[in-house]
Amino acid sequence: MTMLSLSSSPHHHNRRDIGQVMRLVCYATIPGILANVWFFGFGILIQVVLAIITALVTEGVIMELRKKKTERVLKDYSAVLAALLLAISIPPLAPWWVIVIGTFFSIAVVKQLYGGLGYNMFNPAMAGYVMLLISFPVQMTSWLPPFSIAEQSHSLWDAIHTVFTGFTSTGFSVEQLKVGIDGTTMATPLDEVKTALLQGYTVTEAKSHIMFDGNYGKGWLWVAIAYLLGGLFLIKTKVINWHIPGSMLASAALLSLFLFLLDGDQYASPLFHLFNGSLIVGAFFIATDPVSASTTSKGRIIFGAAIGLWVIIIRNWGGYPDAIAFAVLIMNMAVPLIDYYTQPRTYGHKNKASKDS
Amino acid sequence: MFANYDKIIERISLNQLWDFPGGVHPPQQKTLSNQSSIEYLQVEKTYYVPVKQHIGIEGKLLVCEGDKVLKGQALTTSEAPFSVPVHAPTSGAVTKITNHVSAHPSGIPELSVIIDADGQDTWIELDPVPDYAKTSKSELIERICDAGISGMGGAGFPTHIKTNNSKPLEFLIINGIECEPYISSDDRLMREHAWQIRQGIDILVHILQPKQVIVAVEDNKPEALETMSIACQQKINYQVVSVPTKYPAGGEKQLIQVLTSREVPANGLPIDVGCIMYNVATCYAIADAIVEGKPLIERVVTLTGEGFKSPKNVWARLGTPIQSLLTYGDYDQSQQSSPRFIMGGPMMGFTVTSMLTPIVKISNCILVPADNELPHPEDERACIRCSACSDVCPASLLPQQLFWYSKAKELEKAEEYNLFDCIECGACAYVCPSEIPLVHYYRQAKADIRNQKEEKEKSDKAKIRFEARKARLLKEKEQREEKHRLAAEARKASLSTDGGGTKDKIAAALARAKAKKEALAKQEALAEKEALAKQEALAKQAPHIADLAESEKTKAVSVSEVSTEVVASQTAQGASPAKDSPEDDAAANEETKEL
Chain A
71 MTMLSLSSSP HHHNRRDIGQ VMRLVCYATI PGILANVWFF GFGILIQVVL AIITALVTEG
131 VIMELRKKKT ERVLKDYSAV LAALLLAISI PPLAPWWVIV IGTFFSIAVV KQLYGGLGYN
191 MFNPAMAGYV MLLISFPVQM TSWLPPFSIA EQSHSLWDAI HTVFTGFTST GFSVEQLKVG
251 IDGTTMATPL DEVKTALLQG YTVTEAKSHI MFDGNYGKGW LWVAIAYLLG GLFLIKTKVI
311 NWHIPGSMLA SAALLSLFLF LLDGDQYASP LFHLFNGSLI VGAFFIATDP VSASTTSKGR
371 IIFGAAIGLW VIIIRNWGGY PDAIAFAVLI MNMAVPLIDY YTQPRTYGHK NKASKDS
Chain B
16 MFANYDKIIE RISLNQLWDF PGGVHPPQQK TLSNQSSIEY LQVEKTYYVP VKQHIGIEGK
76 LLVCEGDKVL KGQALTTSEA PFSVPVHAPT SGAVTKITNH VSAHPSGIPE LSVIIDADGQ
136 DTWIELDPVP DYAKTSKSEL IERICDAGIS GMGGAGFPTH IKTNNSKPLE FLIINGIECE
196 PYISSDDRLM REHAWQIRQG IDILVHILQP KQVIVAVEDN KPEALETMSI ACQQKINYQV
256 VSVPTKYPAG GEKQLIQVLT SREVPANGLP IDVGCIMYNV ATCYAIADAI VEGKPLIERV
316 VTLTGEGFKS PKNVWARLGT PIQSLLTYGD YDQSQQSSPR FIMGGPMMGF TVTSMLTPIV
376 KISNCILVPA DNELPHPEDE RACIRCSACS DVCPASLLPQ QLFWYSKAKE LEKAEEYNLF
436 DCIECGACAY VCPSEIPLVH YYRQAKADIR NQKEEKEKSD KAKIRFEARK ARLLKEKEQR
496 EEKHRLAAEA RKASLSTDGG GTKDKIAAAL ARAKAKKEAL AKQEALAEKE ALAKQEALAK
556 QAPHIADLAE SEKTKAVSVS EVSTEVVASQ TAQGASPAKD SPEDDAAANE ETKEL
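Chain order of the listed sequences is A and B.
Residues in the first sequence are numbered from 71 upward in steps of one, following this note's numbering.
Residues in the second sequence are numbered from 16 upward in steps of one, following this note's numbering.
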């Protein structure tokens, strides 16, 4: 008698595996990255390449040490994605060792020391980002102005040169590249407004700076829109749910609207907050990291909304101009609690609350 | 919380249904098999009729080896409320009554009547009901039982139990959803035999007196919708409803939710929310039993998948080995690197362990997928907590939490997360990007929990017995001592009245009494020892039984090890759930409730 082949039901699978999911997220960052290249130069591409190489090497070595199937693990693209997200979060011309150290930390410490994919409590990219921000504040805040208002433009070769040596091929330093056409050193729009407010200016006065185009930082608006497109693509393809980005953007918008209505001189408008800084990237690409986010539908709404609130709170009253990383990490810690209290009502069961009463 | 009767009627007449949470849309693949009429098979040489093909207990055997039987003759009879008889699929001789591989994931052999056909295919004398409307309900229900009918949609719940309802019934729901991909047996049955299905419904209406009949058909079966609508158009309180295609809309609980917005309470029955549901094939069988007097001896089986050169639907007699069906559908061996035959659909079906596995009352499909059609799953990866599983769970469970607790053997936690509300539809595993065989883990955990409970019950019983015995022994001892004391007192009394002359006699009597007492004490010690030994044996027995079961399960598992590394690795982690198919679970719940 022939031996029959056995398997457990279901025998069907929709054939979308982790690797595919992670790759789709990677693809969805492409519009944002291209916009970034357009406005700020090739630096971001170099960071992405460095990050991915570091991530693959780090993950590969650890897999070998842990005696796992290295190739299979690398093919899940989770390390690539974490590296990619870290790379697009740091200043494009940061020295090469910044992204290498950051990626190594993300993969080796935040992800693998916790047990590898699926077991890390914190978002690897954001934990890496915060480590870098605290350790190397100067390098991590050296953002460039968009080409349209920069005194110096730089080529791909310049970008490579700067990342590896600190100077362009023609000898300019990052500090010099940061100088705008008005002769002053440029900061990010969020930073500019924050500094101006501390110096006693109003938001409107701060936005009269050359880097602004109405409400939005020149270049930054388009980068944000490009990431928004990528994010909508992810929702459309059901890679992510609307819950986290939706609630995160909504809560950030509502809180900033409330503050704006309270005192428009002190607090920027919701649109300013949404399209400056990394709120959009954070909402669609960072906070949606499945491993470290909440797992229930209600929980994801709470998780996202709380991140949105933290972002606006820290932006307005904290020490840092932007706050996605901090907000996400804070809420990562709250996930077990959120999950426990947001269990859905099972079919045929009464609500937990009505059961108690 | 739930919609009332009028609201439901209004919504249904407007075809505005409700929805159930989650669900998936796997490729339908129905057209593979539903293009041509149901075909009749030639009479087989040999049939293997398992005596138990439903949820409950088997009937009492009526035949012996060597007996001649006619087609439709009862092989067993229903003695207990939950037993359902089986019948001879053709005329011939009972060659053997023995254990034969079962139509169950484990394939564990079950008692079966093996019949060699004589080729005449002679019916037993049929005894139809001339006019069911003039027949008492109890007689009709008895006939349904005697015809061997149990739910044919998958659960195999005894139909006569379900039909014997005394609670007020609002909706009699006829399930023609057939939501599993590939399967088209109900589809073809509705297209070709809508009128007989309607007859079955009429009989049920006569017995159950519902306020409204809803015939629910998924909207991917427009032809069946049409034929059923035509068959039911004269009846004002029969409504044929087109239900949006989504898996598992055909699940009893899900369909009730879609049609009425009501939820069957946990550990409850559909009747608790005013509903009773029958599969269309069951209605057909009921009409056969009452109007024609024919017992259930055949059913429509879909032969499908790219492993068949000519996929189709056939009328297969119960007891037909799937080997014959493979021949009938032109099984193409070149499509499969290693033979794999699925009984049921791709979502909830199981792989059979033998070519001689028989068709039973709940077998609606034999699916033979080509290698690349339904590929074996890869090794599972780590759960990335993406919650795709909870997004598709129709019971609103948290499948990944259930998975963690099941895998970690934190069974109490798993139960707390309502593990037993899982209907094992497989939607979660279908979407899992880590390809974790989630349902498999749940089955294992359920089996483990059941085993634990059984063992606890056993040990509790043993404990009670032990305590009772101890108390009895103590009482006996006390009684003996009392007797001795009384006897001694009596002797003392007689001594004091007798005086000194009898001293020698007394001394002798005392010596006798002492010897007797010693012997008694010895005996007692022996009895105590024996009791202790017995107790130990009893305590040992429980784990011993478990061991036995375990070894049987490993046997079942070892088959899979050879063929698929994956399955083997999964099953090896714990005992394979030998005896519980998903439908069993649901129905087993029902069963305990009814009992």
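Worth flagging that the hints you see were computed from the coordinates, not collected in a lab.
Quick reminder that beta carbons are idealized off the backbone N, C-alpha and C, glycines included.
There may be inaccurate statements among the hints.
[Stated by the list, open to error] Okay, derived cross-link-like pairs now, DSS-like style, lysine-lysine, Cα gap no bigger than 27 Å in a straight line:
#1 Lys22(B) <-> Lys60(B)
#2 Lys532(B) <-> Lys549(B)
#3 Lys468(B) <-> Lys507(B)
#4 Lys420(A) <-> Lys468(B)
#5 Lys182(B) <-> Lys137(A)
#6 Lys492(B) <-> Lys424(B)
#7 Lys428(B) <-> Lys490(B)
#8 Lys549(B) <-> Lys537(B)
#9 Lys22(B) <-> Lys139(A)
#10 Lys537(B) <-> Lys137(A)
#11 Lys498(B) <-> Lys478(B)
#12 Lys111(B) <-> Lys139(A)
#13 Lys420(A) <-> Lys22(B)
#14 Lys420(A) <-> Lys67(B)
#15 Lys145(A) <-> Lys83(B)
#16 Lys182(B) <-> Lys420(A)
#17 Lys507(B) <-> Lys476(B)
#18 Lys424(B) <-> Lys490(B)
#19 Lys492(B) <-> Lys478(B)
#20 Lys368(A) <-> Lys60(B)
#21 Lys473(B) <-> Lys485(B)
#22 Lys424(B) <-> Lys138(A)
#23 Lys532(B) <-> Lys138(A)
#24 Lys520(B) <-> Lys473(B)
#25 Lys485(B) <-> Lys424(B)
#26 Lys149(B) <-> Lys67(B)
#27 Lys485(B) <-> Lys422(B)
#28 Lys368(A) <-> Lys507(B)
#29 Lys492(B) <-> Lys532(B)
#30 Lys544(B) <-> Lys529(B)
#31 Lys368(A) <-> Lys308(A)
[To be verified] A short list of chain A residues far from chain B (calculated; beta carbon distances all over 10 Å):
#32 Ile88
#33 Ile132
#34 Ile204
#35 Gly253
For each hint, the structure was consulted:
Taking the CA atoms of Lys22(B) and Lys60(B), the gap is near 55 Å; set against the 27 Å cutoff, the hint is violated. Taking the CA atoms of Lys532(B) and Lys549(B), the gap is about 26 Å. The hint holds against a cut of 27 Å. Note on Lys468(B) and Lys507(B): the hinted pairing is violated, with a Cα-Cα distance of about 58 Å set against a maximum of 27 Å. A hinted pair counts as satisfied when its Cα atoms are at most 27 Å apart, and Lys420(A) with Lys468(B) qualifies at roughly 25 Å.
Proposed proximity of Lys182(B) and Lys137(A) is contradicted: the alpha carbons are some 62 Å apart, above 27 Å. The suggested pairing of Lys492(B) with Lys424(B) is violated, with an alpha-carbon distance near 47 Å, which exceeds 27 Å. For the proposed pair Lys428(B) and Lys490(B), the alpha carbon gap of about 45 Å is over 27 Å, so the pair is violated. Simply put, Lys549(B) and Lys537(B) have alpha-carbon atoms about 18 Å apart, close enough for the 27 Å limit, and the pair holds.
Among the hinted pairs, Lys22(B) with Lys139(A) is inconsistent with the structure: their alpha-carbon atoms are about 58 Å apart, more than 27 Å. For a cut-off of 27 Å, the pair hint linking Lys537(B) to Lys137(A) is broken: about 67 Å separates their Cα positions. Straight-line distance between C-alpha atoms of Lys498(B) and Lys478(B) comes to about 30 Å, which puts the hinted pair past the 27 Å bound. At most 27 Å may separate the alpha-carbon atoms for a hinted pair to count; Lys111(B) and Lys139(A) exceed this at roughly 52 Å.
In summary, the hint linking Lys420(A) to Lys22(B) is supported, as the alpha carbons are separated by about 22 Å, within the 27 Å threshold. With a C-alpha separation of about 36 Å, the suggested pair Lys420(A) and Lys67(B) falls outside the 27 Å cut-off, and the hint is violated. Proposed proximity of Lys145(A) and Lys83(B) is contradicted: the alpha carbons are some 64 Å apart, above 27 Å. Between the alpha carbons of Lys182(B) and Lys420(A) the distance comes to roughly 23 Å, so the proposed pair stays at or under 27 Å and holds.
At roughly 47 Å between alpha-carbon atoms, Lys507(B) and Lys476(B) are farther apart than 27 Å, so this suggested pair is violated. Pair hint Lys424(B) plus Lys490(B) does not hold up; C-alpha atoms about 45 Å apart against a cutoff of 27 Å. The hinted pair formed by Lys492(B) and Lys478(B) meets the criterion: a straight-line CA distance of about 21 Å does not exceed 27 Å. Straight-line distance between C-alpha atoms of Lys368(A) and Lys60(B) comes to about 60 Å, which puts the hinted pair past the 27 Å bound.
For a cut-off of 27 Å, the pair hint linking Lys473(B) to Lys485(B) stands: about 18 Å separates their Cα positions. Proximity of Lys424(B) to Lys138(A) is assessed by CA-CA distance (about 24 Å); at most 27 Å being required, the pair is judged to hold. Among the hinted pairs, Lys532(B) with Lys138(A) is inconsistent with the structure: their alpha-carbon atoms are about 75 Å apart, more than 27 Å. Simply put, Lys520(B) and Lys473(B) have alpha-carbon atoms about 56 Å apart, too far for the 27 Å limit, and the pair is violated.
Restraint check for Lys485(B) and Lys424(B): the C-alpha separation of about 37 Å exceeds 27 Å, so the hint is violated. For the suggested pair Lys149(B) and Lys67(B), the alpha carbons sit about 32 Å apart, so the restraint of at most 27 Å is broken. Restraint check for Lys485(B) and Lys422(B): not satisfied, since their Cα atoms lie roughly 42 Å apart, outside the 27 Å limit. Among the hinted pairs, Lys368(A) with Lys507(B) is inconsistent with the structure: their alpha-carbon atoms are about 88 Å apart, more than 27 Å.
Restraint check for Lys492(B) and Lys532(B): satisfied, since their Cα atoms lie roughly 13 Å apart, inside the 27 Å limit. Using a Cα cut-off of 27 Å, the hinted pair Lys544(B) and Lys529(B) holds, with the two alpha carbons roughly 23 Å apart. Note on Lys368(A) and Lys308(A): the hinted pairing holds, with a Cα-Cα distance of about 18 Å set against a maximum of 27 Å. Against the 10 Å criterion, Ile88(A) falls within the reach of chain B, whose nearest CB is about 5 Å from its own CB.
Every beta carbon of chain B lies more than 10 Å from that of Ile132(A), the smallest distance being close to 14 Å; the non-interface claim holds. No beta-carbon of chain B is positioned within 10 Å of the beta-carbon of Ile204(A); the least distance is around 27 Å. Against the 10 Å criterion, Gly253(A) stays outside the reach of chain B, whose nearest CB is about 50 Å from its own CB.
In summary, the structure is inconsistent with hints 1, 3, 5, 6, 7, 9, 10, 11, 12, 14, 15, 17, 18, 20, 23, 24, 25, 26, 27, 28, 32 from the numbered list given earlier, while agreeing with the others.
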